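Positions 1 to 250 (full-length UniProt numbering) are the ones given, in order, by the sequence shown.
Careful, some of the hints might be misleading.
Said to hold, decoys possible - Label pairs and their in silico Cβ distance ranges:
#1 Leu63 <-> Glu184: 55 to 61 angstroms
#2 Pro114 <-> Gln21: 44 to 50 angstroms
#3 Ala244 <-> Ala19: 34 to 40 angstroms
For the record, the hints were derived by calculation from the structure and aren't laboratory data. Given the structure is predicted, the values throughout are model-derived calculations rather than measurements. A virtual CB, placed ideally from N, CA and C, is assigned to each residue, including glycine.
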Amino acid sequence: MLRLFQLELPLFRRAAPPAEQTRHIQLGTRIVAYRLIRSSRRSLGMTIDQRGLRVGASPRTSLADIERFLRHNAAWVLKKLDEWHGHGQPRHLAVCDGALIPLLGEECVVRIEPGANRVRWAGQTLILQARPGADLRQLARHALRGRALEVFRERAMHHAAQLNRPLPRIALSNAQTRWGSCSEQTGIRLSWRLIHAPPRLLDYVVAHEMAHLVEMNHSPRFWKVVERLCPDYRAARDELRRLAATCPQL
């Protein structure tokens, strides 16, 4: 008896999309990451919370349709992401061997060595030479304050030359939300915590305070001086406002 068998060749089947994946899309001028979750749902949907943007879609929905949906709702997506970011929680930093600490928009690694409670830098490595029982957080703050003062002075010198003004006295503050202040009598005070921020945000704060040497107010003339020193100051100012709620705590 001749029997016929029909073979199914899976290589000709269209592969099902992964159930969950991370993707990116440009919305306006921003690149936004989102988590795409495939399920048995019939319609497109999205949620935004502390974890970011998540999009739910059926396995049959094309990426083109998903991205069209996101672009159509871009204004709402960006607004809600900014709201969640602005209400974020500060990151409490640990100080131990191998810990990572934000430094000028990147990260430095902490190394603990036995020593006489001193600190030193080796590139992007912060070395704490500590006695047993030493306050490692205090040592780390000491090192970061020193690095912050170096960077502040360098940027202040740059802007003083642009303004044809002498370099004012630069001092550190411990403020967590008021990043800087300027006084004709005492000079400029800057929060050392800015050392955690990307250089463009730190530079905006220095430029802002240096501009007060010309205009001790917030008039349109003042903002013209700021723009001269920091042309992209508007974007930096907005980003700095969001950073205030999530600035690392040490």
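Each hint, compared with the structure:
The hint said 55 to 61 angstroms for the Cβ distance between Leu63 and Glu184, and at roughly 59 angstroms that hint holds. At about 47 angstroms, the beta-carbon gap between Pro114 and Gln21 stays in the expected band of 44 to 50 angstroms. Against the hinted window of 34 to 40 angstroms, the Cβ-Cβ separation of Ala244 and Ala19 comes to about 38 angstroms, which satisfies the hint.
The structure fails none of the hints (numbered hints given earlier).
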